[in-house]
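Chains Y and Z, in that order, give the protein sequences.
Counting from 92, one number per residue, gives the positions in the first sequence under my numbering.
Counting from 108, one number per residue, gives the positions in the second sequence under my numbering.
If you are wondering where the hints come from, they were derived from the structure by calculation, not from laboratory data.
All clues given are correct.
Partial pick of chain Z residues on the chain Y-facing surface, computed with a CB cut under 8 Å:
#1 Pro181
#2 Arg184
#3 Cys197
#4 Leu208
#5 Pro209
#6 Val212
#7 Gln216
By construction, the Cβ of each residue, glycine as well, lies at the ideal position given by its N, Cα and C atoms.
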Amino acid sequence: MTARWILRRVRREARRRAGALAALAAAVALLALVAGAALLGLRTVRAVVPLLEHNVHVIAYLGDEVGPAERERLVAALRQIPGVERARLVEPEEALVRLRAAADSLGSRAVAGIEAGFLPRSVEIAVAGGAGMPARTAELAARLRKLPGVVEVDAMSAGLARLLSWMGLLRTLSLAALAVAVFAAGVALTLALLSARARRRADARVLALLGEAPAGIRREASLTGAAASLLGATAGVGTLLVVFPRVLRGIEGAVGLGPLAVAPSLGAREIALALVVALALGWMGGWVATPRERTR
Amino acid sequence: MIRLDSVSFARDGRALLDQVTLAVNTAELVVVHGARAAGKSALLALCATRLLPDAGAVWISERNVGDLQRASLPLVRRNIAYLPPAPPLCEDDSVLENVMLPLGVRGWQVDASETGALRALFTLGLDDRRAASVGALSAGERQLVALARALAGAPPVLVLDEPAAGLGPADRERVVAALASARGDGSAVLVATSDEAFAGELAGRGARKVKLEDGRLHGGLPGISLVPRLDADELTWAEARRQEVS
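Here chain Z stands alone, though its shape is the one from the complex (with noise of 0.2 Å):
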């Protein structure tokens, strides 16, 4: 679903990434830890079609981002729940408004979005919450919407910056369960936290854990690569690539 080949980006002269490779399938849930400032961010971000490397492609759905054009970009976004540090939420409406509207830039017809919703809501613990105004909830209660709103609809792509931020123990494990729930349910999610306690929690429920240091990925395990086993048709695509470079 996601795949990085040999990513790097640096900014202000600064490289975050060196030569990442990384992918996340159909029906995986991948946690990438490290310490502050280790380059997450900008690999989420380069996840979410939110930025370009400056070496190597990002393929999203065999597609490279590179060769999208710029009208293309947001038919693919959408596709892709991005949970950006500091979400911005519409602060003047309802939280079920906010959580609703994803489905509505999908194209879901408006009770189709509000069922989504509070299904998301409910599976956060803030379906009592719907009615309240986004600009009248506490920090956590905020990180919750915003991670409702990526979570609404069953996206095929989740990619979430620290979405344990600032929550207490309860909604962490709200938390771990949802993204459980929602690679159970197929999408590919890719998680970046600095936590490593969170990292730990979201490893004991399958997630496959890999850590980010001075802008190189490290594996968790000795002998597992961090390109999953890939199944006939990406060995084709692999193949491919392969002769491309050669």
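If we strip away everything but chain Y, and leave its shape as in the complex, we get (with noise of 0.2 Å):
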């Protein structure tokens, strides 16, 4: 057949099986939207769960009673014990600027008339990140009250805790999202299929009838599904190139997180490879979709 008699037909197939291709393209881009998205929240709490333990501290509070010297052995105590990063002395100078610091990004002014002396001096330790980082920040915690002069701990453990298992269940739920996309675009293309295979069957006969060969008898069928496919995958991952920031921004205001310095996001390569795939897939549908007529 010339191009333009390919062209024609294609645009038949199309008309005639709008309804099953759209299905194949929504099919696609939901595949495409939420292996995406699954992909991107992995990444997102691969990026997150390190900046929130980064900034995880654990706080001793120290009385008046403890002098420069016993507070420079503290320090310099804490710094040996395994597991901790850092661990420095915080002047009641520097806890009111940060406590003005946050006051002022929530919009209060409770602590204007506050002064640095009504501030305790305390200690800030950074406890190493990793497994089970929560029970080792509470062990550090329970093993610094009993600490002459430490007159209050503040972990931070609950609330690290939290957020580790929310953390936890949001790469679980992407993990689920993705397997349930798999299966749920795997059943719809499967029933695209069967249902264009029955009504590509005359058109097969017809062909094979007046001589076209096998691949001839497919093209049109690929073709349009390959189109159709594209088309939804196009439709897909642009949607999560557009939504996915905003998302995210929506998330990172909810833990109360500052910008990621990497936003995750999807490589020029893999949006290739998915486009790539989605026009495979389109293909042997349509490939499949056309009962093999005998030829001999």
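Take the two lone chains and join them into the complex the hints point to.
This is how it looks when you write it as structure tokens:
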């Protein structure tokens, strides 16, 4: 067939199977959207967890009776504890600056009249991240509470544990969504193929009767399938690229984190691979949707 | 154009064709008539390369179909306009689209295909139905559309199984004229029918009439060979074949 004839046949096929092709495009778009969102979700979790861990400190508030030499000794001793990354003394003036900054960010003027002298000295301890961090933090806090001169310990471990469990849940949900999307897309594609196969049988018989080669008999369905699938994948990936940064900003705002240093995104190669896979999937779908006619 | 050499064919243990030898040359119209289930459809399916013989050989334009590779068969079939019993049509398409399709398969341009299809439709009196959907046609009209599809573009070989089935007298007359015209245009035309009157009408327009009975072909007139007179090239080929066999 000439190129114009092929185009004519493809247009006809697209008109006749508009519903099935729209379903195929929607299934592929959903698959691309969910798979991409799951991938980006996992990447976000990977990026956020270390950030959370890095921002978690055990704060030991010291009594006024603790002298400078004792404070230095305490900080030096804390630095020796395994799993402690950093330990530093925070003077009341620095604590006040931080408090004012935090209050300003919340639009509050509640700390306007507070002076540095009202705030206690404290030791800020950063615990190494990784597995079991909440438990290690809690254990360290318990040990600190027993030290003389330490009047109060804020371990932040409960909040951290909660956040980490949320992150774990997000990771599990991402994987589950991916599995459900793959399954749903598989079912949708199989149903679309079976429906198309029944409709294509008569066309295949006519074309085989007229002497069309097997590849030519399958060409129309393959081309339309590939085009619909590519369209769906483009729509899915495009939607994800537009929507995900907004969703991420929402998550950052909800969790109270600043913007991530490197926002999770899909690479050009990954997008190209997704489009090629969608194209191949659509082509194969059209190929399979055309029953094979006996040539002899 | 088409030559069957001592072809035998059986299906489900029943011999349908027994040592059948037949040739249909360029610009020749041959009508095979016989009772129902006499093996006419099997004979035509063999000539259209849809079946392979159990014994003997089918030659299309000097090529033994049995020697052809599977991938070559569509190329041969494109040049054989075959009208099987109950021909399939593209139900959702218009009459014109259906008749244009074989020309597209043969590599014609779209415009040329449309012209060729319109000519075939005009020949069979269907040009006013060109835009109708095939699904809305009567049985007789569907048969005419299938026949127009076979005739479109003056294919070199026409193999037509019961082309006048279900047609009224006026349409039959058109079909007879169209087949005679196709022969005049140089096509090799092989027609099978169980309708004696239709076979007679074709014979009246210069068709060679042969009878298929009990799987064997019988000539219409004594002394006339079923294999037509061969030209010099074909004689050379026949001599070579004889030597091969001996």
